[in-house]
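The primary structure of each chain is shown beneath.
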Amino acid sequence: MGAASVSPRLRAEVATALALARAGFRRYATYRQATVAAATTNSVFGFLRCYVLLAVAAADPTTPTVGYTAEQLALYTWASQGLIGVVALWGWTDLADRIRTGDVVGDLLRPIHPVLSYLYVDFGRAAYAALTRFVVPIAVGAVTFSLYVPHRPQAYPLFLASALLAVVVTFAARYLVNAVGFWFLDTRGVQMAWIVGTSLLTGLAFPVHFIPGWLDTAVWVATPFPSMMQAPLDVLVERGAPSALLAEVAGQAAWAAALLWLCWLVQRRATAKLVVQGG
Amino acid sequence: MGDISIYARLLWAQVRSYTAYRGSFAIDLAANALAPLLDVATIIVLFQVTPDIGGFRADEVLVMFGLAALSFALADVAVGQIEKLRLYVRTGQLDAALVRPLSVLGQLLCADLPLRKVSRIGVAFVILAIAVSRAPIELTPARLALLAVAPVAGAVLFGAIFVATATVAFWWIDSGEFANAFTYGGRDFTSFPVTVYGPAFRYLFAYGLGFAFVAYYPTLALLGRPDPLGAPALVAWSSPAVAVLAALLAGAIWRFGVRRYRSTGS
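From first to last, the protein sequence lines stand for chains A and B. Per the numbering used here, residue 148 is the first one in the first sequence, and the count goes up by one each step. Per the numbering used here, residue 9 is the first one in the second sequence, and the count goes up by one each step.
These are calculated hints, taken from the structure and not from any lab test. There's no promise every hint is true.
Stated by the list, open to error - Derived coverage of chain A by chain B (criterion: at least 3 residues anywhere in the stretch with Cβ under 8 Å from a Cβ of chain B; other residues may be distant):
1) 246-259
2) 299-311
3) 328-336
Said to hold, decoys possible - Facing chain A, a subset of chain B residues (Cβ under 8 Å, in silico):
4) I35
5) T50
6) D60
7) G62
8) F186
Note that the coordinates shown come from a computational prediction; the quantities given were computed from them, not determined experimentally. Just so it is clear, CB atoms sit at the ideal spot from N, CA and C, and this is done for glycine as well.
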């Protein structure tokens, strides 16, 4: 096996990934009105959340609130509203829909692993959201509030890496929530858990660090939710020492690997089940 | 009279369809009861970090939250499903409602009543009752009356916002979650004292859209606190008038929208 025989395969692999990502990008880029509506809604919620968090910080203006200054909290809020669209916290039912209609069989016929093909498409979707739904709330926030500006040069590449990991973690978690449909017709229990987790523990309503003591640590270690938004947000607003931020990103990488592995496992079991049913 | 019996039958059919799948309905009720509890959890966490928000303590903010949650839950059950209007417009299903000899709005509301959200009303009611009993409120007959009227007035106002923002679909078919900014956003806005918001944003949401009259002013009247923003005391009792005005406006916007409606033809 020389380098010459490996590289064409790799090149084909990368070409496939890019083609799928481009398709995902273009699919979402066609819904222009919906993008405008979503970015507007995110911006309105940016105002709502930002004013409340600033009021929390204003009670004691001299010291940072749980490690965040007022300017950091402002950037935190607006970036969190922008990230909702990038990681696609809600409303992704592509796989669940295809399971229900039976179209999912088509995914198994393709010469690429279903988890990977959905992931590549999701990268394209995330890229489009980054250029639209992330930029709009940040711009609105920058005009109306005084936002923190990250001053360590490494904050920017680390944020990029952390946001990418957040996309992978959220994608894998969504995939698993959708995949429950392979076994159960009624997935509302799982949906309920998803709503609870994403609305309380991602850092969207309040930074997870606001949760007191050991409970905060437990949420970070035992659930993937802080890895979906809180980690990239902390990196962006440079909360705490660089080593603490690196630890958060390392935690994201661990969750990304664990959840993707689970996706693989679930997909294999599900495929076997589909064959047994003769589907 | 005839119309009312038709609506009653539509509603009864809804109730019967829910009782056909009791287990499923029970799960739905439980899932929906969670929503107000999550919001209470948020407020409790925020008050772990600070003793006051916008000049109000936790027990006072929880009264505001209780009023906002109960008002919103009532409106959501009664008219919240109007947010599906954009689907009816997009698929052309609205045409069917237009040719029947009944009010279009009445048909849309009665054909799909979200009874599964009834549990939210119960949870919000309990939250409000606990909050009122823990806050420093001297319950006079006038305040008791206010406590009974405020959630209804708030629900009418939220209902007006639901209807008015759903109307956007007549002009802007792919408006997605745009209406959420004002319905769910309005609920979040009213859950906190309006003193936390910046002037421009406050004018728009508190007074322009009337959200200050859902929970903020009634809570001030219940607590017997003067408005830190300087509104006269009488304003605190004016939410029913504001609600009626909002409902009339929303009705006018709705009728204007229906008249302008042109089928998507697909």
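Do the hints match the structure? See the list:
{"no.": "1", "hint": "246-259", "in the structure": "violated (count 0)"}
{"no.": "2", "hint": "299-311", "in the structure": "violated (count 0)"}
{"no.": "3", "hint": "328-336", "in the structure": "holds (count 3)"}
{"no.": "4", "hint": "I35", "in the structure": "holds (6 Å)"}
{"no.": "5", "hint": "T50", "in the structure": "holds (5 Å)"}
{"no.": "6", "hint": "D60", "in the structure": "holds (6 Å)"}
{"no.": "7", "hint": "G62", "in the structure": "holds (5 Å)"}
{"no.": "8", "hint": "F186", "in the structure": "holds (4 Å)"}
The structure fails to meet hints 1 and 2 from the earlier list, while all remaining hints are met.
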